[in-house]
Amino acid sequence: MGESKEGDLLQGTLDMLILKALARGRRHGYSIAEWIAASSDDALRVEEGALYPALHRLELKGWLGSDWGVSENNRRAKFYRLLPSGRKALTAEAGRWKRMSSAIARIMRTA
Amino acid sequence: MSWTALKLRWRALLHRREFERDIADEIEFHRSMSPRLGNATRIAEDLRELRGFGLAERLWQDLRYAARQIRRNPGFACAAIVPLALAVGCIGSVLTLADAVLFRPLGVKDPNRIAAIYTFSRAQNHYLSESYPDFRDISALPNLMEASAAYLRSAFNVRLGDGAELMNTEMVTGDYFHAAGVSPILGRPFTPEDDRPGAASVALASYSLWQNRFQGSSSILGSVVWINHVPFTIVGVMPRGYQGMLLDWYPDCSLWVPLVNFNRFFPTNTVPGYTNRRDIPMFMMLARLRPGVTVGELQAALDGLAPRVVSRPDYRFIALPSGQARFFPAYRDGTLRFLWMLLAVSAAAVAIACFNLAGLLLARAASRRHEVAARLAIGASRFRIVQQFLVENALIALYACALSLPIALAAAYWLRDAPITRGFSMSLNLSADWRALALGMLAGFMTAMLAGTSPAFEASRSDITVALKPRHSRGLTSRDLFIGAQVACAMTILLPAALMAQNLRDLGRARLGFDTRDVLLAAFDPFPGVRRTTAEFDRLTNGLLTDLRTQAPGAALAGEALPTTMFSRLDTSSGTAAWTPLSYDWISDGYFELLHEPILSGRAILPSDDRRAQPVVVVNQSAAEMLWPGRNPVGQRLRIRNEPTEREVVGVVADSRFRPLGVSAAAEPCLFLPLAQRANPIGFEIHVRTAGPPLQFANALRKIAARVDPDGSLSGIRTLQEQSETGLKPMQMAAQATGAVSLLGILLAVAGMFAASAFRITQKKKEIAIRIAIGAEPGRVIRAFAARGLWIGLAGACLGIMPAAWGARLVRASITGAGVPGVGLFVLVGLILVLASVIAAFAAARRITRVQPSDVLRVQ
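Protein chains in written order, with the numbering used here: chain A, 1 to 111; chain B, 1 to 860.
Okay, chain A solo, but in the shape it has when bound:
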């Protein structure tokens, strides 16, 4: 999958971002990637090679549901939505992230 570079995301983090992107309604894959890029002011870019496997994996976990619809450019597109178990997972993940990032921030401040 290529060497790691700035902007690449850890898998667990990517899963959380995807869940977050879907928190306010259904989106297709491209729109998820766009939302993440826009919300991070282009600091985070999601590779398609990581995005789609992650989406499918979350779907297999039962956190996302999917259905086919028509996209803004009139194409057949797959829309993902958050399922209740996914919402629960998002809450848990977000809590953990908050604890972890503040912990890391504290460490970095002391340096």
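Note that these hints are calculated values from the structure, not bench results.
Cβ coordinates follow ideal geometry from the N, Cα and C atoms, glycine included.
Among the clues, some could well be false.
To be verified - BS3-like mimics (lysine-lysine), calculated; alpha carbons at most 30 Å apart, straight line:
{"no.": "1", "chain 1": "A", "residue 1": "K78", "chain 2": "B", "residue 2": "K766"}
{"no.": "2", "chain 1": "A", "residue 1": "K88", "chain 2": "B", "residue 2": "K7"}
{"no.": "3", "chain 1": "A", "residue 1": "K20", "chain 2": "B", "residue 2": "K7"}
{"no.": "4", "chain 1": "A", "residue 1": "K61", "chain 2": "B", "residue 2": "K7"}
Said to hold, decoys possible - Chain A side only, calculated, beta carbon under 10 Å to chain B, not exhaustive:
{"no.": "5", "residue": "W35"}
{"no.": "6", "residue": "A38"}
{"no.": "7", "residue": "D41"}
{"no.": "8", "residue": "D42"}
{"no.": "9", "residue": "L44"}
{"no.": "10", "residue": "L51"}
{"no.": "11", "residue": "P53"}
{"no.": "12", "residue": "E59"}
{"no.": "13", "residue": "K61"}
{"no.": "14", "residue": "G62"}
{"no.": "15", "residue": "W68"}
{"no.": "16", "residue": "N73"}
{"no.": "17", "residue": "E93"}
{"no.": "18", "residue": "S102"}
Fit chain B to the supplied structure of chain A, relying on the hints for placement.
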């Protein structure tokens, strides 16, 4: 795996097309929004992988793909599968044989507690069976044995309903069933009460006798069977397949009777008072140890007992654990070595087949380089390519294993009749044994997979840019290595095969010391249970000889037809010397004349040497030199133990071969005694010198025998030539087996060489065409290719020298009579292989002459 995941995966699997379209659409949509999408094939592959059942599903796909590939290339498939199947079949059959001989349970309780007991002569370094007094003394040892038994097998005239036939019968002491740990599946076993004088005559039948004669009906219990004209009541049936403790002794035992009946079967009382004769070791003995007692403890007790009881100072008793007691001990080592040799031969066959397979797979990998490169280019992983080649390899190996089954069964059937222990056939249960066959297939499969590993990696290594262009290799390729290895393997077994062929030829020419041509042999038993006097016996032998001599150029009788593997010896003494056991034969007059054996001094046995005359003996040269060194033996006297008077030596006959060819080369001291002076005459072998092919006289012989003695039974009609070759059977068989395998090896090596050369020529067609177009002589190009065959063949042959020498040593260890290979033989075998390689390369290279430069250059 969660329920949702399972559901989604199943849906992907069942609605494959829909799933594929969804993946394609999803990626296509993304691409329509953002053109800078990564490797779409790789993403699709990853998604497929997520939805699939992982490895299992990929394997299944690869398997189907491999099956298609094999179907599409039947030639390749045959060349890869058939040799491997043959080799795996060989291994399977040898393992089946080894299992039947060494490991198959004898069908008894706690076999680990059974020990077999023999007498061992330290002076002569050979095993003997036990005498009855030995058995009694050993059985009396306290605290070691739960039970012990003596037994003895013999062929008897058995009448069951109408019609009599010879059946092997075992006479056993009363505790046999307890000691052996076997119980009848119907009726009751013998008890010590059955083995007391005056007890009712009872017998047990074998399972096959029960099935064949009584159709498995329980009416067998209480039926009467006449054994040597003595009636017995059948009281039980032995378990299926039970053939006693010894595999190599009168196979197919049909009846068991208590030993107390011994004297009733031999009315002429061959061995009077055997219960007190320590000098007649004729019983096999087994003991069931008490729980916790080891064979070593029993041995210690036997060592304490032996000096007090044995009849000769160099004798001792030896206890063998039951695992080593499946044969008469003298045969065990030879049998093991023979099995090892067969196993080594089949292992070499597997090696050859696998090198062949590796070579073929390499060629295939090369021819599919374009396909592989294309797949790598569009994003397939190398691992996936390797996996796919390995799966194809596995499928080939699986096909070969399946095909090896009938081959293994057929080969095991052939081996069943193999005289693996010096001409003794065994009662073996060679039915398919799945453990043995599975082990053979596993070994073949693993080796085949090993052989396919390097071709698979070689295939995946193909560099995209280079592979799309044709590749030329100048140096030694792996294919050449594999062909060289095949040549080396072929050398490894061709040399022992050639060695044995040479030995067989030499032994065939070896001087037997008698003329085997045009002599018919038949065993005659004049006393199947009928009480006869010696007078009747003499009348009968005289009648036979007179009648035979009117119809054939010569006839004689002998106790044993020579060469023989008979063990018994007569204790002989010349004057004051100690007893020496000597080989012997009882012969009629005319015996030496019939076999053209020269009398060196004195005279032969004459018709006048009968019971009224002075007891005489003819000795052979070795016996004369041993007993009376430097003196004239004629006129000397010797004593045979238990004979009332001394015998006078009347003649010396030249040494001849007493033991079968290949068993032992040394001349053996031997006594020839007049049949008409035998105190307890039993059966004998009729020798007839015939005018034409011996077997044509068989019917006339039958008629004469029936006229002279209507009760007598004639059996074992054969020629003396056959008799004298019995010792060569194991070597003949080994020679056939190794010969066949080495032929397979050579054929495969030659085919591989041919294919490799042809392949190289196809690869280099353009280069050759250019060379010919600019004026190179086709002959020179051909020679260049043939030279390559020469080098590979030469290298393989050199590589094969060491293992071939080792193989020859194995042969020498396992086949008695095999000699040492000379340097000439190595050179000859090497030359054959090199020549075969050169011819194969040359034949392929001849295609060059058909290369038309214009055609090739235009196509390219």
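Status of the hints after comparison with the structure:
At roughly 54 Å between alpha-carbon atoms, A/K78 and B/K766 are farther apart than 30 Å, so this suggested pair is violated. Between A/K88 and B/K7 the alpha-carbon distance is near 22 Å, which keeps this suggested pair within the 30 Å criterion. Between A/K20 and B/K7 the CA atoms are separated by roughly 25 Å; this keeps the pair inside 30 Å, and the hint holds. Proximity of A/K61 to B/K7 is assessed by CA-CA distance (about 11 Å); at most 30 Å being required, the pair is judged to hold.
The beta carbon of A/W35 is not positioned within 10 Å of any beta carbon in chain B (closest approach about 13 Å), and the interface hint is therefore violated. With a cut of 10 Å, the hint placing A/A38 at the interface with chain B is violated, because the nearest CB-to-CB distance is about 13 Å. Because the closest C-beta pair between A/D41 and chain B is about 18 Å apart, greater than 10 Å, the hint is violated. Here the hint on A/D42 is broken, as its CB sits about 14 Å from the closest CB of chain B, past 10 Å.
With a cut of 10 Å, the hint placing A/L44 at the interface with chain B is violated, because the nearest CB-to-CB distance is about 16 Å. At about 9 Å, the closest approach between the beta carbon of A/L51 and any beta carbon in chain B falls short of 10 Å, and the interface hint on this residue holds. Interface restraint check for A/P53: the shortest CB-CB distance to chain B comes to about 5 Å, inside 10 Å, so the restraint holds. The beta carbon of A/E59 is positioned within 10 Å of a beta carbon in chain B (closest approach about 7 Å), and the interface hint is therefore held.
With a cut of 10 Å, the hint placing A/K61 at the interface with chain B holds, because the nearest CB-to-CB distance is about 7 Å. With a cut of 10 Å, the hint placing A/G62 at the interface with chain B holds, because the nearest CB-to-CB distance is about 4 Å. For A/W68, the suggested interface contact is upheld, since its CB lies about 8 Å from the closest CB of chain B, less than 10 Å. Restraint check, A/N73 versus chain B: the minimum CB separation of about 6 Å is within 10 Å; hint holds.
Because the beta carbon of A/E93 sits about 18 Å from the nearest beta carbon in chain B, more than 10 Å, this interface hint is broken. Here the hint on A/S102 is broken, as its CB sits about 32 Å from the closest CB of chain B, past 10 Å.
In summary, the numbered hints that this structure violates are 1, 5, 6, 7, 8, 9, 17 and 18.
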